[in-house]
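Participant: Residues per chain, in single letters:
Number of protein chains: 2
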Amino acid sequence: MEIPKIRKAKSSDSKDIIRLLVELAVYEKEPDAVKITEEELIRDGFGPNPRFECLLAELHSEIVGLAFYTPRYSTWVGDTLHLEDLIVTENMRGRGVGTLLYREFLLEAKHRGVNRVEWSVLDWNKTAIDFYKKTGAIIDGLEQWKIVRMDKKIIEKYLSS
Amino acid sequence: MEIPKIRKAKSSDSKDIIRLLVELAVYEKEPDAVKITEEELIRDGFGPNPRFECLLAELHSEIVGLAFYTPRYSTWVGDTLHLEDLIVTENMRGRGVGTLLYREFLLEAKHRGVNRVEWSVLDWNKTAIDFYKKTGAIIDGLEQWKIVRMDKKIIEKYLSS
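Chain order of the listed sequences is A and B.
Count the first sequence with this note's numbering and you get residues -9 to 151, in order.
Count the second sequence with this note's numbering and you get residues -9 to 151, in order.
Just so you know, the hints here were simulated from the structure itself, not pulled from any lab data.
Please note: incorrect hints may appear among the correct ones.
To be verified - Taking lysine-lysine pairs in the DSBU-like style, the calculated list, with each CA pair at most 35 Å apart, reads:
1) 19/B x 124/A
2) 25/B x 124/A
3) 5/B x 100/A
4) 100/B x -2/A
5) 5/B x 5/A
6) 19/A x -5/B
7) 19/B x 25/A
8) 0/B x 100/A
9) 25/A x 5/B
10) -2/A x 25/B
11) 5/B x -5/B
12) 5/B x 100/B
13) -2/B x 123/A
14) 116/A x 19/B
15) 19/B x 100/A
16) 123/A x -5/A
17) 123/A x 123/B
18) 19/A x 124/B
19) -2/B x 25/A
20) 0/A x 100/B
21) 25/A x 124/B
22) 100/B x 25/B
23) 19/A x 5/B
24) 19/B x 123/A
25) 100/A x -2/B
26) 19/B x 116/B
To be verified - Covered stretches of chain A, going by a simulated chain B footprint (3 or more residues, C-beta under 8 Å):
27) 13 to 27
28) 55 to 65
The beta carbon of each residue, even a glycine, is placed where N, CA and C say it ideally should be.
All chains, full assembly: derive it from the sequences and hints.
Facilitator: Right under this line is the structure:
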């Protein structure tokens, strides 16, 4: 397989972003959860005051995955990035696309010098949990939602591994 | 008891903010967790591109509580507010200061028209969980960290209750 190109999303990618968000919602058993529209994504992500950032995996001009994140601020460590979603389209799973996006997201975190990245994972999503654990992420709790964190040192360690 | 005044934090409040953050960290059994400094708070919260917002409860010129929050963006519902910390100084607990701050935070969320507010709560913090439940917040999971959410309707309902 050729390696997908990872790049920042543009406003013209909003339709593809929505398609992937819906795909994840279906996977998470919440098929009707995605309420935002293409127009709202364009307005909120690509205007003068962007509220989120998004990395895309592109293969043969098709968008096959994304990493969607927002800045947050911790009262313990200051600037953090919150990974809202990491999605790979179904027929491309298991081929390393998620890992490419994940690394690029962590690189972005590193470049910005944030002290933490964080996200949530559903407790039955064993594949994701195993993946995160393997990368050194710390996973709290054992229930339906968990808070997953990676500090500067772990990010550093994973990226240099 | 007189009712504390709730107001937005100014950069000159940063010392008091740090004092309250440390107090919470001690309560959460992480006495050394607060790594940010007064200078960083001033730079990150009160400059041209503020990364957080903070409401304070002031009584007789003393800061007795805070609500510290950041904007986030949900791929399901768009703009949200993430409540990082809600703190009331120890000798003022149980007097409704937290409720005042909580309501003001939710009012802010309402005014902005965000579709969700969210935060985390430690599973052994039964007082907080009971309080959040009583206000109609939805609490997921039963483990150490939980994700707590309140949607537009619940916010509306609580504020009009």
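Participant: Are residue 5/B and residue -5/B close enough, with their CA atoms no more than 35 Å apart?
Facilitator: holds, 18 Å
Participant: Holds or violated: residue 19/A with residue 5/B, Cα cutoff 35 Å?
Facilitator: Roughly 46 Å separates the two Cα atoms, so the pair is violated.
Participant: At a Cβ distance under 8 Å, does chain B reach at least three residues of the stretch 55 to 65 of chain A?
Facilitator: holds (count 7)
Participant: Has the stretch 13 to 27 of chain A got at least three residues whose CB is nearer than 8 Å to a CB belonging to chain B?
Facilitator: Held - the stretch 13 to 27 of chain A has 7 residues with a Cβ nearer than 8 Å to chain B, which meets the minimum of three.
Participant: Can the restraint linking residue 5/B and residue 100/B be considered satisfied, given a maximum Cα separation of 35 Å?
Facilitator: At roughly 29 Å apart (the allowed maximum being 35 Å), residue 100/B and residue 5/B satisfy the hint.
Participant: Under the criterion that the straight-line Cα-Cα distance not exceed 35 Å, is the pair residue 19/B, residue 116/B satisfied?
Facilitator: Measuring from Cα to Cα gives roughly 15 Å; hence the hint holds.
Participant: Within a Cα-Cα threshold of 35 Å, do residue 5/B and residue 100/A meet the stated pairing?
Facilitator: Measuring from Cα to Cα gives roughly 29 Å; hence the hint holds.
Participant: Does residue -5/A sit within 35 Å of residue 123/A, going by the straight-line distance between their CA atoms?
Facilitator: The given pair, whose Cα atoms are some 25 Å apart, holds under the 35 Å limit.
Participant: Decide if the proposed pair is consistent with the structure: residue 19/A and residue 124/B, CA atoms, cutoff 35 Å inclusive.
Facilitator: Satisfied, since the Cα-Cα distance of roughly 28 Å is no more than 35 Å.
Participant: Does the structure keep residue 19/B and residue 25/A at a Cα separation of 35 Å or less?
Facilitator: violated, 39 Å
Participant: Mind checking the alpha carbons of residue 100/B and residue 25/B for me, to see if they're no more than 35 Å apart?
Facilitator: Distance of about 32 Å is within 35 Å: holds.
Participant: Holds or violated: residue 5/B with residue 5/A, Cα cutoff 35 Å?
Facilitator: With Cα atoms ~46 Å apart, residue 5/B and residue 5/A exceed 35 Å; violated.
Checked against the numbered hints above, the structure breaks hints 5, 6, 7, 9, 13 and 23 and satisfies the rest.
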